[in-house]
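Fit chain B to the known structure of chain A by using the hints.
Residue numbers (the working numbering), protein chains in the order written: chain A, 2 to 334; chain B, 2 to 334.
Take the hints with a grain of salt, since some may be wrong.
[What the hints assert, rightly or not] Estimated spans, in silico, between C-beta atoms of each pair:
{"id": "1", "chain 1": "B", "residue 1": "290", "chain 2": "A", "residue 2": "180", "range": "50 to 58 Å"}
{"id": "2", "chain 1": "A", "residue 1": "206", "chain 2": "B", "residue 2": "12", "range": "38 to 46 Å"}
{"id": "3", "chain 1": "A", "residue 1": "334", "chain 2": "B", "residue 2": "268", "range": "51 to 59 Å"}
{"id": "4", "chain 1": "A", "residue 1": "271", "chain 2": "B", "residue 2": "60", "range": "48 to 56 Å"}
{"id": "5", "chain 1": "A", "residue 1": "50", "chain 2": "B", "residue 2": "332", "range": "48 to 56 Å"}
{"id": "6", "chain 1": "B", "residue 1": "60", "chain 2": "A", "residue 2": "78", "range": "52 to 60 Å"}
{"id": "7", "chain 1": "A", "residue 1": "78", "chain 2": "B", "residue 2": "330", "range": "42 to 50 Å"}
[What the hints assert, rightly or not] Listed next, the in silico EDC-like pairs over lysine to aspartate or glutamate satisfying Cα-Cα at most 16 Å (straight line):
{"id": "8", "chain 1": "B", "residue 1": "177", "chain 2": "A", "residue 2": "181"}
{"id": "9", "chain 1": "A", "residue 1": "7", "chain 2": "A", "residue 2": "88"}
{"id": "10", "chain 1": "A", "residue 1": "7", "chain 2": "A", "residue 2": "124"}
{"id": "11", "chain 1": "B", "residue 1": "7", "chain 2": "A", "residue 2": "181"}
{"id": "12", "chain 1": "A", "residue 1": "177", "chain 2": "B", "residue 2": "184"}
{"id": "13", "chain 1": "B", "residue 1": "177", "chain 2": "A", "residue 2": "92"}
{"id": "14", "chain 1": "A", "residue 1": "187", "chain 2": "B", "residue 2": "8"}
{"id": "15", "chain 1": "A", "residue 1": "177", "chain 2": "B", "residue 2": "163"}
{"id": "16", "chain 1": "A", "residue 1": "114", "chain 2": "A", "residue 2": "163"}
{"id": "17", "chain 1": "B", "residue 1": "187", "chain 2": "B", "residue 2": "124"}
{"id": "18", "chain 1": "A", "residue 1": "141", "chain 2": "A", "residue 2": "84"}
{"id": "19", "chain 1": "A", "residue 1": "114", "chain 2": "A", "residue 2": "124"}
{"id": "20", "chain 1": "A", "residue 1": "7", "chain 2": "B", "residue 2": "181"}
None of these hints come from the bench; they were simulated from the model. Note that the Cβ used here is the ideal one computed from N, Cα and C, for glycine as well.
2 protein chains.
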Amino acid sequence: MPDLRKDPITGRWVIIATDRARRPDDFTRESVVPKNGRLCPFCVGNESKTPPEVLAYRTGGASNHEGWHLRVVPNKFPALRVEGSLDRQGEGLYDRMNGIGAHEVIIESTNHKASPGALTEKEYEDTYFAFRDRMLDLKKDRRLRYILIFKNYGENAGATLEHPHSQLIALPVVPKRVIEEMDGAKRHFDYRERCIYCDIIQHESQSQQRVVLETDQFTVICPYASRFPFEVWIMPRRHASHFETIETSAVRNLAWVTRVLMRKMEKALESPPFNMILSTAPVQDAPYDHTHWHIQIIPKLTRVAGFEWGTGFYINPTPPEEAARFLREIGLP
Amino acid sequence: MPDLRKDPITGRWVIIATDRARRPDDFTRESVVPKNGRLCPFCVGNESKTPPEVLAYRTGGASNHEGWHLRVVPNKFPALRVEGSLDRQGEGLYDRMNGIGAHEVIIESTNHKASPGALTEKEYEDTYFAFRDRMLDLKKDRRLRYILIFKNYGENAGATLEHPHSQLIALPVVPKRVIEEMDGAKRHFDYRERCIYCDIIQHESQSQQRVVLETDQFTVICPYASRFPFEVWIMPRRHASHFETIETSAVRNLAWVTRVLMRKMEKALESPPFNMILSTAPVQDAPYDHTHWHIQIIPKLTRVAGFEWGTGFYINPTPPEEAARFLREIGLP
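The following block holds chain A by itself, in its conformation from the complex (with noise of 0.2 Å):
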């Protein structure tokens, strides 16, 4: 049973592995991904190679066999488990509890090569469908307190299996990033009684300069303070602080805003690297007036990431304007 430690100065949980806890050898020997299509644990044909699905999309097809064009599957090696009880114990200074959630793997495709711009507006509809079905499912647990998916591409942003896919982590606590998001938005809200996620979107509308794309139901912008080069937000322009609130519509048009966006950033940047964070509030807790869902994308671009990457200070070498600007412009066939 993996172990949620509290640190005792911030109070911020990490999950610590116990069970397959790795040696210094097992970092220096770590083998490469198998880039083989045949060898793929999410290609078609590889269903047995995974444990069962928790959820598929098919057009036909028996469960965990062929057939599906989308599936669920819970991590082979899933950092936290759903068995056990949550057991919060001291221990001297400190703060443990069991390691409980769910870790799972969204597979976004059959098609083992894809690039995030390849995807079909179709696969991105049913992976942001598939995000609000898993969310409202784990939600009935009510020991589960945040559910974080996120999408690593690329093996700098951390990526250890090529075919395209996103990760869904349920957790007991809530993370202190999604603490500290919440509370600055709080402090807006109890100022000026608005959404501050509601005042950016005005604002950046308004005055376009930081505006990548836009339509009737979403806003896409570099942030103001953008930490990354190329940083992006796709923010919806109505008000919602659940993402499983999502209405279907508004899923078809997020696809449509997301692949033109994807599209956009192979062709700019060439295919980088990046981090894709759903940023929602905490799925036990009522709508909120103060926070508003949203996705985040971080290109992993510079060389010197490791800055930041210790001191949690960032600097960033592209303002978000001219980021913002080169997006924007850059046709697509």
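Relative to the frame of chain A, chain B by itself:
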């Protein structure tokens, strides 16, 4: 003049380089580090390739010529500049100020190829003396509120030059990570009237479970809620909030401790890339009872370093107890 911009949600300050803004092409064309000693601006004989030194420890020779064994020089491409006024401004929703500050490089050795384990005890001593000297000097500029000292070792940890060096960034704001650590430590102090770091040192020193190395002046541990495999903290046993108040005998002991730790890490983990951060109190503040300077060392071992990168949530595959035991037991010649 670089821009300091405040994230309106979290309150985090970010440096946005506006002078030499990097366009998308700059990232793909990014050149490889000169590995050849003769081209290295930090090597003896190449003193004219850096801006004039702000500090040097010499056995002979004139300023900016040979004869030094440690040099501190302004960064040739500084993230912040000393000239100008702070000039805080609102921009609609947003806050910005001029990027006033300093960005310096501490050249720790004349030996271009020395790995951290190959640096001498004297070189570590001088490096720590240089940290202290530069902090005491920069502190006189009352605009500078925090001095960030860090080292990136190895390309994977963000180093762009091979020659042994650390970096110093003096900021007109206190980084969010520092504020968080201080707030957390304050909560503990308010409740228990004791420094949390002193409590941790006492607890760890008694249990020995996570201790790597200990002298009468320093305790070296793998922290309970380590974010990364083989994360190590060097903590002074005597309470002090500000690094720059360190005494000479403690500098000497710290140099010995650092060198032993670096040799152990090199042997155990085969010269891993790492980030080192000096965690200390804001330089203009009076001494605090609740904060305690220390050094954090974070080897970059996991391929999957991308996970926490975007999410702010950490999964550590190596329990700190095992990491500490491994480093403790490794023998040195």
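Here's how the hints hold up against the structure:
{"no.": "1", "hint": "B:290 with A:180: 50 to 58 Å", "in the structure": "violated (26 Å)"}
{"no.": "2", "hint": "A:206 with B:12: 38 to 46 Å", "in the structure": "violated (23 Å)"}
{"no.": "3", "hint": "A:334 with B:268: 51 to 59 Å", "in the structure": "holds (55 Å)"}
{"no.": "4", "hint": "A:271 with B:60: 48 to 56 Å", "in the structure": "holds (49 Å)"}
{"no.": "5", "hint": "A:50 with B:332: 48 to 56 Å", "in the structure": "violated (42 Å)"}
{"no.": "6", "hint": "B:60 with A:78: 52 to 60 Å", "in the structure": "holds (55 Å)"}
{"no.": "7", "hint": "A:78 with B:330: 42 to 50 Å", "in the structure": "violated (27 Å)"}
{"no.": "8", "hint": "B:177 with A:181", "in the structure": "holds (10 Å)"}
{"no.": "9", "hint": "A:7 with A:88", "in the structure": "holds (14 Å)"}
{"no.": "10", "hint": "A:7 with A:124", "in the structure": "violated (38 Å)"}
{"no.": "11", "hint": "B:7 with A:181", "in the structure": "holds (14 Å)"}
{"no.": "12", "hint": "A:177 with B:184", "in the structure": "holds (14 Å)"}
{"no.": "13", "hint": "B:177 with A:92", "in the structure": "violated (28 Å)"}
{"no.": "14", "hint": "A:187 with B:8", "in the structure": "holds (14 Å)"}
{"no.": "15", "hint": "A:177 with B:163", "in the structure": "violated (35 Å)"}
{"no.": "16", "hint": "A:114 with A:163", "in the structure": "holds (7 Å)"}
{"no.": "17", "hint": "B:187 with B:124", "in the structure": "violated (35 Å)"}
{"no.": "18", "hint": "A:141 with A:84", "in the structure": "holds (15 Å)"}
{"no.": "19", "hint": "A:114 with A:124", "in the structure": "holds (14 Å)"}
{"no.": "20", "hint": "A:7 with B:181", "in the structure": "holds (14 Å)"}
When held up to the earlier numbered hints, the structure conflicts with 1, 2, 5, 7, 10, 13, 15, 17 and fits the remainder.
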